[in-house]
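Asks: Top line first, the protein sequences correspond to chains B and W.
The numbering of the first sequence is the working numbering, which starts it at 215 and goes up by one.
The numbering of the second sequence is the working numbering, which starts it at 10 and goes up by one.
Hints were generated in silico from the structure; no laboratory data involved.
The list that follows gives simulated cross-link-like pairs (lysine-lysine, DSS-like), each with its CA atoms no further than 25 Å apart:
| hint | chain 1 | residue 1 | chain 2 | residue 2 |
| --- | --- | --- | --- | --- |
| 1 | B | 244 | W | 11 |
| 2 | W | 12 | B | 272 |
| 3 | W | 530 | B | 358 |
| 4 | B | 390 | W | 530 |
| 5 | B | 377 | W | 11 |
| 6 | W | 251 | B | 303 |
| 7 | W | 12 | B | 377 |
| 8 | W | 532 | B | 390 |
| 9 | W | 218 | W | 197 |
| 10 | W | 12 | B | 244 |
| 11 | W | 11 | B | 272 |
| 12 | W | 560 | W | 589 |
| 13 | W | 589 | B | 358 |
| 14 | W | 11 | B | 376 |
| 15 | B | 272 | W | 255 |
| 16 | W | 508 | W | 417 |
| 17 | W | 324 | B | 303 |
| 18 | W | 532 | B | 358 |
| 19 | B | 272 | W | 251 |
| 20 | B | 376 | W | 12 |
| 21 | B | 303 | W | 255 |
| 22 | B | 370 | B | 244 |
| 23 | B | 377 | B | 397 |
Quick caveat, the model's predicted, so the values are computed rather than measured.
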Amino acid sequence: MSDIINILIVGVGGQGTILASRVLSGVVQKIGLDVKVSEIHGMAQRGGSVVTQVRYGKEVASPIIPQGEADIILAFEKLEALRWLPYLKQNGSILINDQRIDPMPVIMGTADYPADAIAAIRSLHKNVIVIDGLKLAIESGNSKAVNVVLLGLLSKYLDIDKKIWLETLRETVPAKFLDANMKAFEAAQ
Amino acid sequence: MKKLLTGNEAIARGAWEAGALVCSAYPGTPSTEIIENAAKYTEMYAEWSPNEKVALEVGAGASIAGARALVAMKHVGVNVAADPLFTLAYTGVNGGLVLISADDPGMHSSQNEQDNRHFGRAAKVPVLEPSDSQESKDFTKVAFDLSENFDTPVMVRITTRVAHSQSLVNLSDRQETGLKKYEKNALKYVMIPAHARHRHIDVEARLEKLREYAETTPLNRIEWNDTKIGIITNGITYQYVKEVLKGASILKLGITFPLPRKMISEFSKRVDKLYVIEELEPFIENHIRSWGIEVHGKDVFPAIGEILPETISEKMREFSENIQLFSQQTDPPLNTPVRPPVLCPGCPHRGLFYVLNKLKVTVAGDIGCYTLGSLAPLNAIDTTICMGASIGAAIGMEKARGKDFARKLVAVIGDSTFIHSGITGLINTVYNKATTTTIILDNRTTGMTGHQDNPATGLTVKGDPIKEVDLVLLAKAVGVERVVVVDPFDLEKLENVIKNELAAEEPSVIITKRKCALIEKNKNTTPCFILEESCTGCMRCMRLGCPCIIKEGKKVRINSTQCAGCELCVSVCNSGAIGKEGLIDV
Ligand code: SF4
Ligand code: SF4
Numbered sequence: 215m216s217d218i219i220n221i222l223i224v225g226v227g228g229q230g231t232i233l234a235s236r237v238l239s240g241v242v243q244k245i246g247l248d249v250k251v252s253e254i255h256g257m258a259q260r261g262g263s264v265v266t267q268v269r270y271g272k273e274v275a276s277p278i279i280p281q282g283e284a285d286i287i288l289a290f291e292k293l294e295a296l297r298w299l300p301y302l303k304q305n306g307s308i309l310i311n312d313q314r315i316d317p318m319p320v321i322m323g324t325a326d327y328p329a330d331a332i333a334a335i336r337s338l339h340k341n342v343i344v345i346d347g348l349k350l351a352i353e354s355g356n357s358k359a360v361n362v363v364l365l366g367l368l369s370k371y372l373d374i375d376k377k378i379w380l381e382t383l384r385e386t387v388p389a390k391f392l393d394a395n396m397k398a399f400e401a402a403q
Numbered sequence: 010m011k012k013l014l015t016g017n018e019a020i021a022r023g024a025w026e027a028g029a030l031v032c033s034a035y036p037g038t039p040s041t042e043i044i045e046n047a048a049k050y051t052e053m054y055a056e057w058s059p060n061e062k063v064a065l066e067v068g069a070g071a072s073i074a075g076a077r078a079l080v081a082m083k084h085v086g087v088n089v090a091a092d093p094l095f096t097l098a099y100t101g102v103n104g105g106l107v108l109i110s111a112d113d114p115g116m117h118s119s120q121n122e123q124d125n126r127h128f129g130r131a132a133k134v135p136v137l138e139p140s141d142s143q144e145s146k147d148f149t150k151v152a153f154d155l156s157e158n159f160d161t162p163v164m165v166r167i168t169t170r171v172a173h174s175q176s177l178v179n180l181s182d183r184q185e186t187g188l189k190k191y192e193k194n195a196l197k198y199v200m201i202p203a204h205a206r207h208r209h210i211d212v213e214a215r216l217e218k219l220r221e222y223a224e225t226t227p228l229n230r231i232e233w234n235d236t237k238i239g240i241i242t243n244g245i246t247y248q249y250v251k252e253v254l255k256g257a258s259i260l261k262l263g264i265t266f267p268l269p270r271k272m273i274s275e276f277s278k279r280v281d282k283l284y285v286i287e288e289l290e291p292f293i294e295n296h297i298r299s300w301g302i303e304v305h306g307k308d309v310f311p312a313i314g315e316i317l318p319e320t321i322s323e324k325m326r327e328f329s330e331n332i333q334l335f336s337q338q339t340d341p342p343l344n345t346p347v348r349p350p351v352l353c354p355g356c357p358h359r360g361l362f363y364v365l366n367k368l369k370v371t372v373a374g375d376i377g378c379y380t381l382g383s384l385a386p387l388n389a390i391d392t393t394i395c396m397g398a399s400i401g402a403a404i405g406m407e408k409a410r411g412k413d414f415a416r417k418l419v420a421v422i423g424d425s426t427f428i429h430s431g432i433t434g435l436i437n438t439v440y441n442k443a444t445t446t447t448i449i450l451d452n453r454t455t456g457m458t459g460h461q462d463n464p465a466t467g468l469t470v471k472g473d474p475i476k477e478v479d480l481v482l483l484a485k486a487v488g489v490e491r492v493v494v495v496d497p498f499d500l501e502k503l504e505n506v507i508k509n510e511l512a513a514e515e516p517s518v519i520i521t522k523r524k525c526a527l528i529e530k531n532k533n534t535t536p537c538f539i540l541e542e543s544c545t546g547c548m549r550c551m552r553l554g555c556p557c558i559i560k561e562g563k564k565v566r567i568n569s570t571q572c573a574g575c576e577l578c579v580s581v582c583n584s585g586a587i588g589k590e591g592l593i594d595v
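Chain B with its partners taken away, still in its complex shape (with noise of 0.2 Å):
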């Protein structure tokens, strides 16, 4: 199955992974391959784990990735990367939004966040990239647009021309927005 690249965006609903899923199936769409992306959403506005699974390649059949699979993690949130850690193949590459969101068991005190969640991932693989996106993502002028600096990392690791994602995300993203949202592309590239 290796001619099948298989990508998982996770996070907590309200992070925009919808937005940056919608992009990314946008440019898988664009390059010619096969391609299938499962979203399950229902929960998602509610401040739920979500997630998003993109596979592309000569033919694919599933549209889910099965765990130990994936290529790549993109992950908006550092609990989130832990949950779905088991789902990145072994030498796969996990790249990472370091914020903290607190779940309910957290907020309650009932449950602990892990303290230390990048340690133990590096400590099972070694390509491990943790990024400020929301810092990132102001210094390019909309503090919004963490989903679109998270994008442009992402890119970075994907074989797919940038003019494509260029392309997909100004037809995406609300003109008004798109000089910041380009700008937030280019800024963890």
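Given chain B, put chain W with the ligands in place with the hints provided.
Replies: For chain W with the ligands alone, kept in the frame of chain B given last:
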């Protein structure tokens, strides 16, 4: 041209290409986007119906009048629509009538995981099961033809993974199939016993013809390969099997009721070992076994939840060399606390559940965002069964335990759910002299499924303004004398109103009216903050279950990037320790 579409978008497209003229639905995950997309095509009328029964009846009327009609709902919606469905199977159709049932194995967003293929069998209507978006579109079109050719409603059953996965679809143009001639035909459309007896004979004859059709239609096909194992499969699991079990011979069933008996028995003879891989019920398997054919199915695969590629790989490992193996299932390296969904920051329901919890009343709950009021720390809901059940359940509780019990008992139901199937319950409260209080949470939308309009919001699915249902007048009209409207952000008043209405030994309705936080545009969203010096660490605000109020050591902190500025926490704090710019001096 190929386009990446979800199964739901593809179904709407399929209906459009097939020339459908009328589309109806009640929203429900994972089916909601079908009608949202259908509504974008100007050639088709589309509506949110008040419930699934009405949706199917609208479809039935459109069909009898000569139009092709698409009706969509989630699996439990078919329970509500079952009454028209079973008799429509007798009347048959004029224009094609296609019912989409979106099942939810794994219960990503549902209260049960019933397998609606049983409905197809019980109502004697054919069931088609697409496995990706292309098939979702194609099968919808085939379903319209089948419906007209065999004079029957047709069910297309999808599952969450088909509904919400995107794959590439070849688009075609719309065929203007137009309106069929309408002729009055009481023998066919008036189901009095004398007519229905004749129609039942037709139904059985039709089923025979459909059985023959199932043997020859390309909807069912065999992909020959190694014959050591043969797999019979349907829907999304076909895609998993194709990927995981490369070597096996596959009989892919596109129509799962009625089944192609000859095709299956010939397939079974040519393979050494026969498996059925199907999610949920052993529907195909039991049919096959009843024909005396040896088959494996639920002895190997679970009947609960989804069947994933990993499951197939793991279970078939010992039977096949040609299998894709996945790495051992592992857990994350550290404990990962769960992340349950919560009521949004600024949600108008939060204050109500805070008060109900405080008053320690028994709450018969219902289905919507507010079902989240059952989770900690609100813990305010005692029962959740199905759409509209709250009011009936509350009446039953009172009848079982007496009037005194009703002094601490409420039914809680959303505006859309109330219109869906709460109104009859409320009539029953009055009619059968129950004294319970019904609280209608009017947040001006259908929140849980992603903010659809409904008869109480004043807008249709196409965005046209209409006269909205007046919930106060409605409650009064069915005989409730005590009807109070209250702002759920005014906690003091809310608590007093609830106490008053509970005390009254007669039916009452409280309408908590406030827009859903996600659709309210005119609000002051300046975040609140904790005045550390004044905070005594009493943790009272924590009982609101607001995701922005975070326990930190002995005190609390407010997450200002998420806080909606609703000020609920300000009103529950006894020490004046929560502030907001412009609200109090700091
Ligand atoms: S979507 Fe609206 S009704 Fe639902 S939890 Fe959020 S604020 Fe409340
Ligand atoms: S922190 Fe207070 S003001 Fe902010 S959303 Fe939560 S309850 Fe409302």
